[in-house]
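Participant: On the provided structure of chain A, position chain B as indicated by the hints.
2 protein chains.
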Amino acid sequence: MLNVCTPEEAIEIIRREFAGCSTDTELLPLSSCVGRVLAEDITANEYVPDFDRSTVDGYAVRAADTFGCSDAMPAVLTLRGIVSMGSSSGIVIHEGECAYVPTGGEIPEGADAMVMIEHSESYGNEEIGILKAAAPGNNIIYRGDDVFPGKTVLKAGRVLRAEDIGALAALGMSEVALKKRPAIGIISTGDELVPVGKKPGAGQVRDVNSDMLASSVELFGAQAKQFGIIKDGYMRLRSAIVENLDSCDALLISGGSSVGQMDSTCAVIEELGTLLLHGIAMKPGKPTIMGRIGSKPVIGLPGHPAAAFFVSDIFVRELTAIMLGIAPRSFTASALLTEAVSANHGRAHYCGVVLSEQDGKLCARPVRSKSGLISSLAGCDGYFCIPRDSEGCAKGDEITVFLR
Amino acid sequence: MLNVCTPEEAIEIIRREFAGCSTDTELLPLSSCVGRVLAEDITANEYVPDFDRSTVDGYAVRAADTFGCSDAMPAVLTLRGIVSMGSSSGIVIHEGECAYVPTGGEIPEGADAMVMIEHSESYGNEEIGILKAAAPGNNIIYRGDDVFPGKTVLKAGRVLRAEDIGALAALGMSEVALKKRPAIGIISTGDELVPVGKKPGAGQVRDVNSDMLASSVELFGAQAKQFGIIKDGYMRLRSAIVENLDSCDALLISGGSSVGQMDSTCAVIEELGTLLLHGIAMKPGKPTIMGRIGSKPVIGLPGHPAAAFFVSDIFVRELTAIMLGIAPRSFTASALLTEAVSANHGRAHYCGVVLSEQDGKLCARPVRSKSGLISSLAGCDGYFCIPRDSEGCAKGDEITVFLR
Numbered sequence: 018m019l020n021v022c023t024p025e026e027a028i029e030i031i032r033r034e035f036a037g038c039s040t041d042t043e044l045l046p047l048s049s050c051v052g053r054v055l056a057e058d059i060t061a062n063e064y065v066p067d068f069d070r071s072t073v074d075g076y077a078v079r080a081a082d083t084f085g086c087s088d089a090m091p092a093v094l095t096l097r098g099i100v101s102m103g104s105s106s107g108i109v110i111h112e113g114e115c116a117y118v119p120t121g122g123e124i125p126e127g128a129d130a131m132v133m134i135e136h137s138e139s140y141g142n143e144e145i146g147i148l149k150a151a152a153p154g155n156n157i158i159y160r161g162d163d164v165f166p167g168k169t170v171l172k173a174g175r176v177l178r179a180e181d182i183g184a185l186a187a188l189g190m191s192e193v194a195l196k197k198r199p200a201i202g203i204i205s206t207g208d209e210l211v212p213v214g215k216k217p218g219a220g221q222v223r224d225v226n227s228d229m230l231a232s233s234v235e236l237f238g239a240q241a242k243q244f245g246i247i248k249d250g251y252m253r254l255r256s257a258i259v260e261n262l263d264s265c266d267a268l269l270i271s272g273g274s275s276v277g278q279m280d281s282t283c284a285v286i287e288e289l290g291t292l293l294l295h296g297i298a299m300k301p302g303k304p305t306i307m308g309r310i311g312s313k314p315v316i317g318l319p320g321h322p323a324a325a326f327f328v329s330d331i332f333v334r335e336l337t338a339i340m341l342g343i344a345p346r347s348f349t350a351s352a353l354l355t356e357a358v359s360a361n362h363g364r365a366h367y368c369g370v371v372l373s374e375q376d377g378k379l380c381a382r383p384v385r386s387k388s389g390l391i392s393s394l395a396g397c398d399g400y401f402c403i404p405r406d407s408e409g410c411a412k413g414d415e416i417t418v419f420l421r
Numbered sequence: 018m019l020n021v022c023t024p025e026e027a028i029e030i031i032r033r034e035f036a037g038c039s040t041d042t043e044l045l046p047l048s049s050c051v052g053r054v055l056a057e058d059i060t061a062n063e064y065v066p067d068f069d070r071s072t073v074d075g076y077a078v079r080a081a082d083t084f085g086c087s088d089a090m091p092a093v094l095t096l097r098g099i100v101s102m103g104s105s106s107g108i109v110i111h112e113g114e115c116a117y118v119p120t121g122g123e124i125p126e127g128a129d130a131m132v133m134i135e136h137s138e139s140y141g142n143e144e145i146g147i148l149k150a151a152a153p154g155n156n157i158i159y160r161g162d163d164v165f166p167g168k169t170v171l172k173a174g175r176v177l178r179a180e181d182i183g184a185l186a187a188l189g190m191s192e193v194a195l196k197k198r199p200a201i202g203i204i205s206t207g208d209e210l211v212p213v214g215k216k217p218g219a220g221q222v223r224d225v226n227s228d229m230l231a232s233s234v235e236l237f238g239a240q241a242k243q244f245g246i247i248k249d250g251y252m253r254l255r256s257a258i259v260e261n262l263d264s265c266d267a268l269l270i271s272g273g274s275s276v277g278q279m280d281s282t283c284a285v286i287e288e289l290g291t292l293l294l295h296g297i298a299m300k301p302g303k304p305t306i307m308g309r310i311g312s313k314p315v316i317g318l319p320g321h322p323a324a325a326f327f328v329s330d331i332f333v334r335e336l337t338a339i340m341l342g343i344a345p346r347s348f349t350a351s352a353l354l355t356e357a358v359s360a361n362h363g364r365a366h367y368c369g370v371v372l373s374e375q376d377g378k379l380c381a382r383p384v385r386s387k388s389g390l391i392s393s394l395a396g397c398d399g400y401f402c403i404p405r406d407s408e409g410c411a412k413g414d415e416i417t418v419f420l421r
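Those protein sequence lines, which keep their order, are chains A and B.
For the first sequence, our numbering begins at 18 and goes up steadily by one.
For the second sequence, our numbering begins at 18 and goes up steadily by one.
Next up, chain A with everything else stripped away, as it sits in the complex:
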């Protein structure tokens, strides 16, 4: 029997033991990449743009021809032509000449600045007056200003946002190498469980954890594989693990939080692999087990839904991040606690909160409930942790809220 460890130690165990569980790479079309994890550095091998472009509608000029001009004393240039979008300018600008270029059009050879159309006037007869001096480079994006060969545009491990998809499109990457989403198997155990669609009989409750944990891991970037409900019993659990472990990269087993059942889960993991952790000093969530069968992580979560939720949100999130090669992402906010919350005898205590703004300050009202009640967490805006070595939190304390 291993000792109960702290949440920080549990995170350390996950990082140390499962560092090698990184998923493979797969190629996907660009339109399916947002939110996914980039598997390789993206280094450009071309110029973007591949030609000098105007950023305004106006006249391509030789800047020197405009020096000293003004509204009162325009520089008068000869219009050599009009550049069309999407084709080579085909124009060469000599001293005293200009060409009209629309936004995004190619800068003609010989020109080194763009003058906005607002700072020009046309005298007809192909004579254009420039009313404002331009410095070389004005309103021009040069070839390779955005991207040039050898520039690393994105690094492996980036969770791709819309702007990254834009950069990949600019580079012509219609397919992208992504980290595969780890397949995380989910088993619920317990004689008392019935499927969500069924009305519970005497002493029965619905299987809350299968759908909740599936949703949870999908949000972390994994793919959930629900293996359903199995009845209590060492051999049944052993068979379910042996049967399903091959088809997933990690396995979550929830329930079995009574002493006897928890012992079964431990014993199966010890028989088939290595037990790494038995119990975490947190509330709710203490009856948590971690082990490894072959190279695959197997986590036993409490049957109580609220406890399973916190264990998943903290530890399965960390595990999934490691498998994807990313830092686990969670957003936080500082808020003032509206009521005192007592500490919990050496256990980190996680508590849901509802946020509101009062006098321009973010306030967090702790949601009190018995352990295991999932409806108390539904509808919360986030949660916070009272550290295990704390005396509790007082009304008005500033807390860090993990936002949902």
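In short, the hints are calculated from the structure, not lab data.
A few of these clues could be false.
Given that identical chains are not distinguished, each listed pair holds provided it fits within a single copy or across any two copies.
Straight-line C-alpha distance at most 20 Å; calculated SDA-like pairs for lysine to any residue [to be verified]: (1) 216 - 162; (2) 300 - 343; (3) 378 - 419; (4) 412 - 343; (5) 378 - 415.
Facilitator: Then chain B, alone, in the frame of chain A:
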């Protein structure tokens, strides 16, 4: 021609003009609901749990029988039986009696507290010693403690998180009424554009905006419909709008940011509907158009990818939120600016940042680039805004970063 308006005014226009564009409701299986928007309040019509349950492994007792007991002076009770998981206890506890109940098992009639097994000892012969007094209600979840008929568990407009899915599962909701994801059509315009998979020729660039905007709206909770690239020209644009508007709930048209093209987009919207806004005092992003054709929002975004990105992230996010009936979600963090950034003559200036921690403080390095360069935003951790009435931001200023 309408006047240029501020970003705040543009948000107001969206809220006022498109408040009625809320999407319909659809029923989906619970396993497909995470991240989606709840269409109706969820009010329970049953008890969860439907029976009194133990939260520990141990003995169900009449609390009064344990008063005054201790390690030195156990209360000795007669074991009436063992409760099985998933079935009615079938036991009645009288004075001086107890029953073994596993975690989650039903509390027998007559019992009003649970004593943890750690605080008991067995003397054989069905005699159990209780070593610690229990108060009535100890370690029991009563019928309806989690949910009771009439309790509103979740409100319409909630973006469903894993814990909400858990609560819906507990209520037996195997199907849930969700807001339909609005279908947002995307058109790129410009003679210079080639598809991402094609090598640009002279004067050509790849269509960055189609995939970027599609990714963007998917993250906001909408469904993207890419209608491809159309060449410049009033009639071509008009046909593309007429042809595709029926199959989507809103339309984004990017490109056409040269004066002539922008005028075309305006003119088509004015011919077919109502032009609401022409130009936003922001940088990048000024050449933005908003209108309505029939009841449907039509937004013209700048062709420059970085500008299109900011317009989408700010205004299309707001529009999508309104269509889904939610508050737009974005996460922020306070950070210290590592370099001064100058202000922009009456325009709100948006600038990407890279975050790092220095001496325990979050620092934001502004990413400088010419307008329109998407690679400068790729890989950023967020962005911030220098308000249009500001003198700029100094090194060390505390800024609010919109996190990516």
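Participant: Each hint should be assessed against the structure and marked as holding or not.
Facilitator: Checked hints:
1. Taking the closest pair of Cα atoms, residue 216 and residue 162 come within 20 Å of each other only across two copies (18 Å); inside a single copy the shortest separation is 64 Å, beyond that limit.
2. Proximity of residue 300 and residue 343 under a CA criterion of 20 Å is satisfied in neither setting, with 27 Å inside one chain copy and 32 Å between copies.
3. Taking the closest pair of Cα atoms, residue 378 and residue 419 come within 20 Å of each other both inside a single copy (17 Å) and across two copies (19 Å).
4. In this assembly of identical chains, the alpha carbons of residue 412 and residue 343 never lie at most 20 Å apart, being 36 Å within a copy and 30 Å across copies at closest.
5. Taking CA atoms no more than 20 Å apart as the test, residue 378 paired with residue 415 passes in both settings, with 11 Å inside one copy and 17 Å between copies.
Violated hints for the displayed structure, listed by number in ascending order: 2 and 4.
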